[in-house]
Each structure stands twice: as structure tokens, then as C-alpha cells.
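Colleague: Protein chains in written order, with our numbering: chain Z, 11 to 174; chain E, 11 to 174; chain U, 11 to 174.
Going by beta-carbon spacing under 7 Å, a handful of chain Z positions derived as facing chain U:
(1) 42
(2) 54
(3) 120
Pairwise CB distance ranges (calculated):
(4) 171(E) <-> 138(Z): 41 to 51 Å
(5) 62(E) <-> 172(Z): 28 to 38 Å
(6) 68(U) <-> 61(E): 45 to 55 Å
Think of the hints as simulated: they come from the structure by calculation, not from any bench. Glycine residues also receive a C-beta, built at the ideal position from the N, C-alpha and C atoms.
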Amino acid sequence: MEDAELRARLVTLEERVRRLEDQVAIHRLINTWGPAVDTGQAEAAAALFSEDAVLQSDMSHLTGPAAIADMVRSDGQRALIDQGSAHIPAFPVVDIEGDTARAIGYSRVYLHTDEGYEVWRVSANFWEFTRTRDGWRVSRRTNHVIDGGPQAQQLLGRWFEEHG
Amino acid sequence: MEDAELRARLVTLEERVRRLEDQVAIHRLINTWGPAVDTGQAEAAAALFSEDAVLQSDMSHLTGPAAIADMVRSDGQRALIDQGSAHIPAFPVVDIEGDTARAIGYSRVYLHTDEGYEVWRVSANFWEFTRTRDGWRVSRRTNHVIDGGPQAQQLLGRWFEEHG
Amino acid sequence: MEDAELRARLVTLEERVRRLEDQVAIHRLINTWGPAVDTGQAEAAAALFSEDAVLQSDMSHLTGPAAIADMVRSDGQRALIDQGSAHIPAFPVVDIEGDTARAIGYSRVYLHTDEGYEVWRVSANFWEFTRTRDGWRVSRRTNHVIDGGPQAQQLLGRWFEEHG
Numbered sequence: 011m012e013d014a015e016l017r018a019r020l021v022t023l024e025e026r027v028r029r030l031e032d033q034v035a036i037h038r039l040i041n042t043w044g045p046a047v048d049t050g051q052a053e054a055a056a057a058l059f060s061e062d063a064v065l066q067s068d069m070s071h072l073t074g075p076a077a078i079a080d081m082v083r084s085d086g087q088r089a090l091i092d093q094g095s096a097h098i099p100a101f102p103v104v105d106i107e108g109d110t111a112r113a114i115g116y117s118r119v120y121l122h123t124d125e126g127y128e129v130w131r132v133s134a135n136f137w138e139f140t141r142t143r144d145g146w147r148v149s150r151r152t153n154h155v156i157d158g159g160p161q162a163q164q165l166l167g168r169w170f171e172e173h174g
Numbered sequence: 011m012e013d014a015e016l017r018a019r020l021v022t023l024e025e026r027v028r029r030l031e032d033q034v035a036i037h038r039l040i041n042t043w044g045p046a047v048d049t050g051q052a053e054a055a056a057a058l059f060s061e062d063a064v065l066q067s068d069m070s071h072l073t074g075p076a077a078i079a080d081m082v083r084s085d086g087q088r089a090l091i092d093q094g095s096a097h098i099p100a101f102p103v104v105d106i107e108g109d110t111a112r113a114i115g116y117s118r119v120y121l122h123t124d125e126g127y128e129v130w131r132v133s134a135n136f137w138e139f140t141r142t143r144d145g146w147r148v149s150r151r152t153n154h155v156i157d158g159g160p161q162a163q164q165l166l167g168r169w170f171e172e173h174g
Numbered sequence: 011m012e013d014a015e016l017r018a019r020l021v022t023l024e025e026r027v028r029r030l031e032d033q034v035a036i037h038r039l040i041n042t043w044g045p046a047v048d049t050g051q052a053e054a055a056a057a058l059f060s061e062d063a064v065l066q067s068d069m070s071h072l073t074g075p076a077a078i079a080d081m082v083r084s085d086g087q088r089a090l091i092d093q094g095s096a097h098i099p100a101f102p103v104v105d106i107e108g109d110t111a112r113a114i115g116y117s118r119v120y121l122h123t124d125e126g127y128e129v130w131r132v133s134a135n136f137w138e139f140t141r142t143r144d145g146w147r148v149s150r151r152t153n154h155v156i157d158g159g160p161q162a163q164q165l166l167g168r169w170f171e172e173h174g
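Please build the complete structure, drawing on both the sequences and the hints.
Modeller: Here it is, written out as C-alpha cells:
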């Protein structure tokens, strides 16, 4: 085997493995959010986001980890925790390009009630990620409840427009 | 290090990485279906399937991408979209063997209602996949609602029979 | 390229690929449980666990594969199967360290009823895994329903304490 061929195959493999590791890291960001907010771990939830991250939903528009931590510590979030909440994302579709990535997917919030569990919210999500010096972080998460209206459909539809 | 040993280790690694990438590609086929059908992206939904693919459920038996695209464009599907629907697969179990693969897993359809969200359907799925010149495609998806009857149980049970 | 550099890069890649394969194997253990217990595959469900495994929930405390198989064959489990049940874990967060691993994540049990589907249980889970001579196995799964009480919150909270 020629040395040049060898070097090329190693470099290619290293890039492919890195991309697979990036997938795992991004899944982890998405999947850590629920356990953090459902137990009031404000710092852990905020640490998923980059310094200039935007978290936008029908219910709020937050910028930066400190604002996100405040939301996790809020009375509204505390009421959900005390009731018994589970923020569960679905398995997303992720696209990685170098040091940025994007994903779409669903999320649900289940709430404990006297009569069992209520599916309180089912939402569409569009995530953006950036690779920082400390690893991957969420740079933007946009979330709309699915209610038959155009917002959630446009959020997911944007993915298909961009992927032609 | 001997050249022969080196070549063998590189080839083995390349095969292992390819298999991991195959997992990601198959997850993507499964996870793209929901966002496509919940937003009426008929072409994107159809493009997940091979030319001779079969999509079979309690509700329909479709063959080929054109028939699947027609279903996504149907009045029935449009009514679900306008109501607000989320087709969410669970994290599946996938087996890859060369250029074919199979998977089992659950899927759910959540519908928006005046009183919140209804879990409309919970189904068992058995998927088959084939590697085409354009990448992995679904070649067969069989879906049965879970209602205590034998069909869903047999569909999942087949997996365990084959994995002995 | 120097032979020593080459060897180091190959070894590093092999370790990284092994870790990715470990993730897939652990996901598979978590995701096989539902299809096994929802179809009464007692041996397949028990085979996910190591010889000294503990399966602990609000409803039971079982030790070892034989006790777990007995639970899957029990009248209570048979009643769920006949009603139509779907045990669906969420996408977990997994940490691998050598030959042991841990994960947290949610799980839900959906039950078929005359009026559609009921979300019967939503639980927090803490899994521990061990690499045996036969591959990865669950060595402990602790499960608490999410009801606003401290147990489920402490179970998930332990993850964040340990990951500081």
C-alpha cells in the first residue's frame, strides 16, 4: 500500500467517525433538555446553549443561557415540576455541515393529573447547533405547538424546502 | 507494523464505520416520514421508498412512490394536517445485513383536539430496507394498530422468531 | 508517515468506533424491552439482563433473568398484552466508560381502551450496563413514575449531580 493512499484513507475515516460522534453529541443536547427542566436543573439546562442562543416558542422568546436558566427557575416551571412533567423529544433528523448543524423533530410534554397523564403539548421544533471550543451547543431552538395552524407546518416545511 | 496487517485493520474499520453510517441513514428514513406527512410534503414522503416498495397498514395497501405520494395528497391526509397531526415513531431496533436491513418499532399519531391532544393511533411496525444506487430506501413497511389482537403481536413476534 | 504515528491513529480510531458501536448496542438493549414484553417474549426480555441484574420499579423489585422472565409470563403482564400495550422508551442519554455504562431517560406505557389510547404510565429511568463476554447487558434498571413526587426527580437529578 502506498503511503499516500494510506494517509488519505485514514483521514477520510477520521472525518467519517467525527461526523458520527457529532450526531451523538447533538442527540445528547436534544435529549438532556427534558431531564434538566423536569427536575429544575437550571444550570444544566442553560449549559446546553451557546452564549448568544435563542430559545423561541409560542410561550417565550429567550436569549442566552442566563435567561434560559431563569426560565427553568421560574414559578411556572416549578408548578409543572411539582405537578409531574416529562418533556420528551422524538428522535430527530439531524444535518451536520462542518461546525454547524440543524435538526427538526417533534417534542411532547406529558403532565401528571389526578386521572393519569395528559399530553399537554405536542410541538414541532427546528434546532440549530454550533461547534464551540467547549463542544456542540444549541444556538437556536424554535418551537411551535401543532394545532393545525400554519406556524408548525412552516417550521417543518422549511426543512424540506432547504433539502429540495 | 506489517503492510498486510495494516490493510486488514483499515478495511475492517471502513466496514464498521459504514455499518454505523447505515444505521444513521435508516434512522433518517424512519424519522423523516412524520414531518413529511404532517406537512403534506408528498414528494419528500414518497422519496423515502424504493420503486417497488409496499406500505401496508390496517388502513391501506400501497405500492410504489407514486401511490404513496397520492395518499399524502389525499383528502383524508389533508384533514389530519388541518386538524394538527404528529406522526412520531419510537426509537427502532435495526438489523443491517449487507445491502438490506430490517427494523421493528412503535409509532404513534397524536391529533390536536379542542381539549388538548389525543393519542389517536399506537402501532407496531416492521420495516424492510434496501440499499439502492441512490442510498437506502424503505422497501416495505407493515403497520398494525395495537389493540390486543394478534396482528400487531405477530408482527413484532416475527422479529424474535427470526432472531431466535 | 511514521509507523508509530500510523499505529497510534489506527488505535485511536478503533477505540472511537468501538465506543460508537457500544452506543448502538446499548440503545438496542433499551429499545428491545418494549417489543419483548408487549408480545410476551419472556426469554428475549430476560436475555437483555446480566445474571445479577436488578429491575426495580414502583411495582416490583426483581433480581436476575429468571425472575424477569417470570414477570413477563405473569397474569398481570398477560392482561396488559391482551388489552394492547406499548412500552415505549424515549431516546436516552448514555454515558460509556470502558466496560460499564449508564443512561437516563423516560419511558411510557400506552394502553388500548374502548375510547382510544390511554397514557397509563410515564416514568423516569436510570439504567446501568455492563459489558459481558456475550456483549452488553442491563445490570440495573430503576424506574419511577413521574407524579410530582421526589423519587423520579431524585433519580434523574442523580445524573446531573454525577456530571457536575
